[in-house]
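Using the sequences plus the hints, can you model the full thing?
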Amino acid sequence: MKQIFLCFLLMLLVGPELYAQDNDLLLAKQYAANGEPQKALDIYQKLYRQNNEAYFTVYVNSLLAEKKFDDAVNITKKMIRKHPEDHQYNIVLGAAYTQQGSIEKANAIYDDLIKNLPADQGKIAILASQFYQNANVDYAIKIFLQGRKLLQNNQIFSYELINLYRYKRDKAALVEEYLNFLPSNPPFITQAENTMSNLFEGQADYDILKTALLKKIQKDPQQTLYPELLTWQFLQQKQFDMALNQALALSRRQNDDGNNVFELCSTLTANEAYDAAIRGYEYLVSKGKEQPLYIPSKIELINTKNSRITSGKYVKEDLLSLEKDYNDLLTEFGKNSNTAFAMQKLASLQAFRLHKLADAQKLLEETVKIPGIQPGLLASCKLDLGDVTLLNNQPWDATLLYSQVEKDFPNTSISQDAKYRNAKLAYYTGDFTWARGQLDVLKAATSQLIANDALNLSLLISDNIAADSSGSALKVYARADLQIFAGQPEKALATLDSIDAKYPGNSLADDILMARARLFIQQKDYTMAIPLLKKIAEEHSFDLWADDAVFMLGDIYENQLQDKEKAKMYYQKIITDYAGSLYINEARKRFRLLRGDKNEAAS
1 MKQIFLCFLL MLLVGPELYA QDNDLLLAKQ YAANGEPQKA LDIYQKLYRQ NNEAYFTVYV
61 NSLLAEKKFD DAVNITKKMI RKHPEDHQYN IVLGAAYTQQ GSIEKANAIY DDLIKNLPAD
121 QGKIAILASQ FYQNANVDYA IKIFLQGRKL LQNNQIFSYE LINLYRYKRD KAALVEEYLN
181 FLPSNPPFIT QAENTMSNLF EGQADYDILK TALLKKIQKD PQQTLYPELL TWQFLQQKQF
241 DMALNQALAL SRRQNDDGNN VFELCSTLTA NEAYDAAIRG YEYLVSKGKE QPLYIPSKIE
301 LINTKNSRIT SGKYVKEDLL SLEKDYNDLL TEFGKNSNTA FAMQKLASLQ AFRLHKLADA
361 QKLLEETVKI PGIQPGLLAS CKLDLGDVTL LNNQPWDATL LYSQVEKDFP NTSISQDAKY
421 RNAKLAYYTG DFTWARGQLD VLKAATSQLI ANDALNLSLL ISDNIAADSS GSALKVYARA
481 DLQIFAGQPE KALATLDSID AKYPGNSLAD DILMARARLF IQQKDYTMAI PLLKKIAEEH
541 SFDLWADDAV FMLGDIYENQ LQDKEKAKMY YQKIITDYAG SLYINEARKR FRLLRGDKNE
601 AAS
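Mapping the sequence shown onto our numbering, position 312 (from 1) lands on 312, and the numbers just tick up by one.
Quick caveat, the hints were computed from the structure, so don't treat them as lab data.
Remember, predicted model here, so these are calculated numbers, not experimental data.
Hints may contain errors.
Here are the simulated EDC-like cross-link-like pairs (lysine to aspartate or glutamate), alpha carbons at most 16 angstroms apart as the crow flies [to be verified]:
hint, residue 1, residue 2
1, K573, E538
2, K335, D325
3, K171, D220
4, K298, E332
5, K171, D205
Pairwise CB distance ranges, derived in the manner of DEER restraints [claimed, not checked]:
hint, residue 1, residue 2, range
6, P371, D207, 51 to 59 angstroms
7, D256, T412, 38 to 46 angstroms
8, D120, D257, 43 to 51 angstroms
9, E332, A249, 24 to 32 angstroms
10, Q523, N338, 49 to 57 angstroms
Ideal Cβ placement from N, Cα and C applies to all residues, glycine included.
Take a look at the structure:
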């Protein structure tokens, strides 16, 4: 009972004093915030004298801020004498000397700490942390490096040093530390790649990594992590052939199953480095049928060749070679539910590239009859069969197929796609009223792409029927649109050119410009497409295709012509002039990236 009474009495005596100190501390902070540092300093001095242990830091920082260096030095020396084992006060003294301009005195203190550093991992980490907390990153690094020597262990403190080098943006030291750290900690390779990609700013930085890696590979050729990093480095620099060469060399040396090469080829395809990806898949196929990646590699090899063709990067021989590859695949594995995807792609190649419509239709008719085919793939094949029968002048068969898919998959994106194709068929055949009715329903489609396409086609029909109720010019334009769909660019251009001659004064000027521009883009002829798009942007800035043209110009300049400034200009135009555009979010994102500001919204 007596002890409880003494504790209570102590609280009564000490409580008011602590409360007063808290009030003084708040008042001092308020003075500092209001630009009255001397008043704040007076309070900190009073608090320090009352309890120098608790208020030393705020007091000494206030002295340094007011350039009262001698006072700061004197009180810090007192704390050093009082606590000789607590080196944080030595670091504060060094900081005071530094701010006073006595750099040599400061360095002498710091060097003495390094000289007398104990061979104790915990104490070394604490001292380095105290340097870091006092904004002295260089000496924090020196402490860790000296600690390694004392403890005779080059693997400790790696994580701490990596963070310090990253903070300093010391790229060369960061690279060396990661290459020292990763062989013993391979799971951290992804973190290392992310850190370097965020820190590195160009070719010179990646060259630092490349040079260091080549030295490591020469010194330790059996370590596989270094070649993996070198492959990643080549990818970052878009040196795709070099990346593949490195991966192939490592795979051959290890005589592995080629899984890393397979994954790399997927990345190469995503970056449209089709030739390199094809070379990688051919290597995997050449390893033999007994290899686990043989079948997926053979399939992806054909898919990649297909992607190269659909991107426009091909010659006629590539089409015939790809057709042979598909037929060889079907011969090897048969026509069944597992190869139905290849049958669909072969039919698409035959219909839209080789213009073998009869062969394509026959193949798709076989495909949709295969038992066990996945429902989604079956629906996709039926839609493609509808497209081919349309091109084969069988519109009734086409609409039956579209309607069948729409009925079998209600309230799905597949159903909406089928409905849109039916509406497009009506548009192609000149039944604009029915087409517009279907398109108006599709404006609310859950698929943003279909909704956007439906809106644009509906507006195209409405605008031109209003100007010409017979729709004569629009029918010719629709025929050109069908020729574009059929992969007949020469015929489409001739049809588009005929519209003004047959129907002078028609309202399709911007539509014709956009159709021609898209044809040239399909053919990778950007020098012909750009003037057409600019004409839409300048002379038809309030018409249907204006924001499409502006965004397409930005995309061409960014991704095809590598003119970042012009790309930025067009993305900015979307942001400022077309706030309601469907491209607004993408334009804003691309503008930010090109500006080099990933966090701040474009304005």
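Checked hints:
1. K573 to E538: 12 angstroms, holds
2. K335 to D325: 14 angstroms, holds
3. K171 to D220: With a Cα-Cα distance of about 22 angstroms, the restraint between K171 and D220 is violated, given a limit of 16 angstroms.
4. K298 to E332: 11 angstroms, holds
5. K171 to D205: Within the cut-off at roughly 7 angstroms; holds.
6. P371 to D207: 51 to 59 angstroms: For D207 against P371, whose Cβ atoms are near 58 angstroms apart, the range 51 to 59 angstroms holds.
7. D256 to T412: 38 to 46 angstroms: 42 angstroms, holds
8. D120 to D257: 43 to 51 angstroms: 48 angstroms, holds
9. E332 to A249: 24 to 32 angstroms: 30 angstroms, holds
10. Q523 to N338: 49 to 57 angstroms: About 35 angstroms separates the Cβ atoms of Q523 and N338, which means 49 to 57 angstroms is violated.
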